[in-house]
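Student: The chain contents come next:
Number of protein chains: 4
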Amino acid sequence: MAENKIKVSIIGATGYVGAELVHGFVNHENVELVHLTSRSFKGQKFSDIYPQYRGVCDIECSDIEYEQVAKDSDLVITALPHGVSSVTVPLLLENGAKVIDHSGDFRYKNLQAYEKSYKLEHPHPELLSSAVYGLPEFYRDELKTANLVANPGCYPTCSLIALAPFLKQGLIDTDSIIIDAVSGVSGAGRKADLAYSFCETDEAFKPYGVVGHRHTSEIKEQCDFLSGTDTKVTFTPHLAPFKRGMLATIYVRPSEKLKSMDVSNEVINKIYSDFYAGEEFVRVLPLKTYPDVKAVNGSNYIEVNGCYDPETGLVKLFSAQDNLGKGAALQAIQAFNCMFGLPETAGLKNIIRGV
Amino acid sequence: MAENKIKVSIIGATGYVGAELVHGFVNHENVELVHLTSRSFKGQKFSDIYPQYRGVCDIECSDIEYEQVAKDSDLVITALPHGVSSVTVPLLLENGAKVIDHSGDFRYKNLQAYEKSYKLEHPHPELLSSAVYGLPEFYRDELKTANLVANPGCYPTCSLIALAPFLKQGLIDTDSIIIDAVSGVSGAGRKADLAYSFCETDEAFKPYGVVGHRHTSEIKEQCDFLSGTDTKVTFTPHLAPFKRGMLATIYVRPSEKLKSMDVSNEVINKIYSDFYAGEEFVRVLPLKTYPDVKAVNGSNYIEVNGCYDPETGLVKLFSAQDNLGKGAALQAIQAFNCMFGLPETAGLKNIIRGV
Amino acid sequence: MAENKIKVSIIGATGYVGAELVHGFVNHENVELVHLTSRSFKGQKFSDIYPQYRGVCDIECSDIEYEQVAKDSDLVITALPHGVSSVTVPLLLENGAKVIDHSGDFRYKNLQAYEKSYKLEHPHPELLSSAVYGLPEFYRDELKTANLVANPGCYPTCSLIALAPFLKQGLIDTDSIIIDAVSGVSGAGRKADLAYSFCETDEAFKPYGVVGHRHTSEIKEQCDFLSGTDTKVTFTPHLAPFKRGMLATIYVRPSEKLKSMDVSNEVINKIYSDFYAGEEFVRVLPLKTYPDVKAVNGSNYIEVNGCYDPETGLVKLFSAQDNLGKGAALQAIQAFNCMFGLPETAGLKNIIRGV
Amino acid sequence: MAENKIKVSIIGATGYVGAELVHGFVNHENVELVHLTSRSFKGQKFSDIYPQYRGVCDIECSDIEYEQVAKDSDLVITALPHGVSSVTVPLLLENGAKVIDHSGDFRYKNLQAYEKSYKLEHPHPELLSSAVYGLPEFYRDELKTANLVANPGCYPTCSLIALAPFLKQGLIDTDSIIIDAVSGVSGAGRKADLAYSFCETDEAFKPYGVVGHRHTSEIKEQCDFLSGTDTKVTFTPHLAPFKRGMLATIYVRPSEKLKSMDVSNEVINKIYSDFYAGEEFVRVLPLKTYPDVKAVNGSNYIEVNGCYDPETGLVKLFSAQDNLGKGAALQAIQAFNCMFGLPETAGLKNIIRGV
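Residue numbers (our numbering), protein chains in the order written: chain A, 2 to 356; chain B, 2 to 356; chain C, 2 to 356; chain D, 2 to 356.
It should be emphasised that the hints constitute simulated quantities derived from the structure, not laboratory data. For each residue, glycine too, the CB sits at the ideal point set by N, CA and C. Be aware that one or more of the hints could be misleading.
Some, not all, of what chain D presents toward chain B, calculated at C-beta under 8 Å [stated by the list, open to error]:
1. Ile179
2. Cys200
3. Glu204
4. Ala241
5. Pro242
6. Pro292
7. Val294
8. Cys308
9. Leu315
10. Val356
Can you make the complete structure from the sequences, with help from the hints?
Tutor: Following this line, the structure appears as structure tokens:
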């Protein structure tokens, strides 16, 4: 049976993104997990590190050579730090595997933007042009033939899904896009760090990376592509005391075109509904209902809606996703489905949480 | 396709137990959900009340006659208050449906114990003898032919799975079983109640129902059955600031038989491993690893382990489950699988949560 | 001894704001609490409702006539809903008490703005001109002689402390002030409401009142006063899963004046330091350190800082306070100190929380 | 002014216990804080590490010689690990300071019990006999003349306050005392440890140290002293997802003496009321009201009550305290008040938290 399945390996399987990839793939009937690599937990079962998975995924973590991982797999997903991915991914590609990478290393077309944001020289800039930005809603066709997919950042996914209908259709001024966003603690990764301890995080709320957070340039580049102009993006992330989830509140000015449409809550809602008709994972909420991270917890869904403030003439756009779901691992599985000709919802539709 | 599926309806579908039943059944490929009834939310879509399910379960809640619900369904699951179930369930049975009931009304064989604990006269005591107590690990065979299943209480499930190997094999004194247990807030149900508001519940921890909690007599009756003696059970529940989950810490004295086995952590662990060999949903943890509600969150799994205190000669048993999972809705689905000849894990094995 | 103390009564003492007033006043050596009124809890001790205060404040709650409350008190603090305060406060004033009111009823000078925001006709508009807006940092002198103080809203306090130095000195464009803010759950008050239950609130985060929230017009009016112009204010509140605390992230454009000062993080920090020099409760944070609700939990402190985004030319301002502290009850005590000629820090300086 | 104050220094001031000591002492008008020592944060202000205290306690942390700390102080409080205290404390005493120590090193009279529990050889066993166990409710007189006070462990304080009336008066069997207890996360201290990170701790609940937790032998020794017999104590701690707080649920058998008193909830309540009459910090709750960690959050109060289970003949005792308050730092201040002839409530009575 397994021989008909697509062989997938995960490099860096024991971080939160890696674990969420495992979560998705054990529910995916077309996939066989081959290698789970982890330097820290070599020789331990995945379910020793994440006991939720006892009896569900008891694969032993290994640190076998990356070349071998690639040879044994149809797809390798890398959950590695930036700067490490840029060296590792070419090796995997050379050894015949397709790759979805979770770092920032292959998300940019503009090399300078990457090097400025990440303060690194890119060792393989030649791969940037062929790497596909893994947002299926925008790059579905490119994904079908991609060998290398750069899984988008969590904040970029959340922001771009909210902004795209307006940017693509010239409905907003592109010189003042303000994105105020909030992430759950899992966004910081799985690590021993006092700043993310329960006693320091619970009953706390604060901004961070207030100027020049790396995701700013990633969002901007995609906004440029979506609008065909040079956009200006202001972005502020905040850390909130919940495990998973992300919400973006976006402030934009309607363009003359949108003004001429008699901008209103109804018009904004219809723009979303029309643009995302047929998209399985983008939930355009009913009029006057706004996104809540609770409603997308644990899933690949993203919610959007917007409103018009007649007092100030501003438009507010809102989106909510799970930072580990649509914001990371589950979106990677959506992209994987595109890459391998599977229904885009395979293994994903019923991954939700109730209470 | 749907005509081959088993038709299931849920009465009281919008409480937390009802919603968790929906959660399980939308992941169950052998099931077609027919009616979701709700007095409070009649005419609204299930996903209007639980927006997590937009696009996943958009069935409209109704308040159609219970007779009709029964006629349209192979199985009806009732998530009704005690005292209401005892009147409703007979009506459903008469109209041809099998029933799994979530109240305390059909859990007892001893009518007096029920009436004393619930302070109600039972209108249909004749049903008590044929009702099957829905713990598949103990009553698997009876479930196969049951028309009426009484889904066990959350605390009883958690306590009994931990105690059963010791009670059945005469390994502990039955005159002093002390169960100290903790539940998440969802155990109180979905309702507007100041006591369960965020500001009153977060950073709080307290005992409740400290004498005569109803689940005490339910646990005692099953302990009597398991041991074949008249047991004495002391039980104290506590409310903890998490949504889902339940942990029991149980203090018992080894019997002469257990003492003669050179009781130790290893012996206790082996008793569990032997007794629950082959049980898919009972996780006997490795030696010196103890249950954590985090590891069973959202799932039908229950974890057990125990230890021996050489200073005092007491044995401690531990178990952890999700109060809405193995403690309520997902265990009902496990029982449903038994009732309808399906593999016991159908629709359940991969319902887990990672981070 | 008590005869030298200032007699204070609280109307509506058992809500969260009322309770926080009690908290502050039992620590205030110049104050004797006379009456705590509560319709819901008449005849019960305050410490029966808030058991934290057993042995600290065991005053019996009463529902005695408001006239009598006023006659027995030097100051009455009202924690009543808007529309109720506007009728009650005049009665208290007539009977000789000074009043600090927590509703929106006396916060506006512009009657139309109030009536539009609150959708009420004001029964005593003649009181609006003499009522003092209870922000001591701006209206310290007026408070000294005030008989009626309108305690500011929580969001307005948080926003205005952050904006004031820039508005007063012409440093920002006044036609596009964007305030994105977050509140803890206690902001919704003490009540049985499913929306604020633990299971619905924990692991949730969402915007609310996204257009036309009442505090918008209150903020705007004070921005007008501070700047001497007609300002445009966009405001979006969010609900976050913590009990207490509020954070505002504010986006503004530097005016020509600020641009000419070579706007930078350092310049913004100095503007704050200079403006709030000597203010005991406004903490201007060190350069590149930003407010966190954790650091002001339980106290009357408010933290501010800001930064400049050279990529977009925008200035971001941040402030954090406790919504029940500086945002409500403790600020009322600060205003009380002004009204009665006490040191502004009396009873307040050491009300803080550690871990 | 300061010259009339008692000079207090804290060694290890930046852990959670140290910080709570600072919290208490800045509210204590008879105390001048002299040195706050911290190896990790030498040269930083206390308020840089705990920004809550900006403007309240800006003392610079130092690592000056312990001899000098002792010479400059009337009292030195040590918040050091066990094994370190046993070496440091004698040095402080030799240099003329009185000492309150927070480790386990001086809590035992029985050297063997200490060395077995802590797996250490004690370098200064000669100090054990003169060290006073810092539970003011039991050792008030001894504290008046003590030079060295061993501040009790958090679990021991919680357990002993609940048990003492029964042990001292021969009201319970001493051969089977079962203590089931729960602590908030701050009990683990301030450190970077994955196990206490938000994502691993929230929505989790588990036992730990299930056999042989060090506090077991400390509790047992004091139970022996209180009862005058050789007691048997079974103890199980659990970790719960709140920052601060501790609850003990204790199961005991009534002795013949208690049985002859017609044991009932009322009788148990009266035993507590009589025993703790006049104790400022022990709150005996009203009949049928049971302790909640919420009600003692942030304070030096401890709540107790109990009940009788007529079905099994067992007595349950409950107590709740703040693990950093009565369970650690604030109890140390209560002991300090005794040592220096101050009213026992000095600086402590109004340290409470509302919402």
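Student: If any of the earlier hints don't hold here, list their numbers in rising order.
Tutor: The structure conflicts with no hint, since it agrees with every one listed earlier.
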